[in-house]
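Engineer: Turn these sequences into a full structure, and let the hints steer you where they fit.
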Amino acid sequence: AQSVSQHNHHVILSEAASLELGCNYSYGGTVNLFWYVQYPGQHLQLLLKYFSGDPLVKGIKGFEAEFIKSKFSFNLRKPSVQWSDTAEYFCAVNGGGGFKTIFGAGTRLFVKA
Amino acid sequence: DTGVSQNPRHKITKRGQNVTFRCDPISEHNRLYWYRQTLGQGPEFLTYFQNEAQLEKSRLLSDRFSAERPKGSFSTLEIQRTEQGDSAMYLCASTRRGGDSNTGELFFGEGSRLTVL
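Line by line, the protein sequences are chains X and F. 1 is the number of the first residue of the first sequence in our numbering; add one for each residue after it. 1 is the number of the first residue of the second sequence in our numbering; add one for each residue after it.
No wet-lab data here; the hints were simulated from the structure. Zero decoy hints are in this set.
Below, simulated DSS-like cross-link-like pairs (lysine-lysine); rule was C-alpha separation at most 30 Å, straight line:
hint : chain 1 : residue 1 : chain 2 : residue 2
1    : X       : 49        : F       : 57
2    : F       : 71        : X       : 100
3    : F       : 57        : X       : 100
4    : X       : 100       : X       : 49
Structural biologist: In structure tokens form, the structure reads like this:
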């Protein structure tokens, strides 16, 4: 069955600390991979996506993610977090046709000022 | 605002009542999705439409749930005989088929929060 696993449910960091959120997926065939973010009081929005090409993708606000096919992973990174990065982050995957997207349970990040 | 619009934003109802949620997608988007999200979980897929055709339904969608998209524009999600376990945030998302949208990037609405007493 298709699934997405996020390693941490809650992460607390101080400003300027580095961030890495783990994501592993189980999906046969070609995949498109996403990280979505939900800031407090706002709707879910796309942070970055991978569908082909360079496995290191860059998104908004200095975030990046690396697709490692052999490990079925798509970890999210940011070298230096800011208080404004406090949000919930969701890893997601769909098949090559882009029909049904499956989400992980989410990681709630709190950045201390 | 030309984003995905959902209403009502909040609905409180008594067990056994019927509720209906509406979603207006981004106008040029031909795919529309419904998800359900409960506390501490990610969005769970319920169903999706391509234009007016409902192409897939999750096993989560019991026979008390029905969704329509009659003219390929807005969509409704109805829950009949609500149960306390139906309490959740119901999310609508849309995407455009073709081009970059073959990746299935989703554009979400604010959600409709249902509380069943």
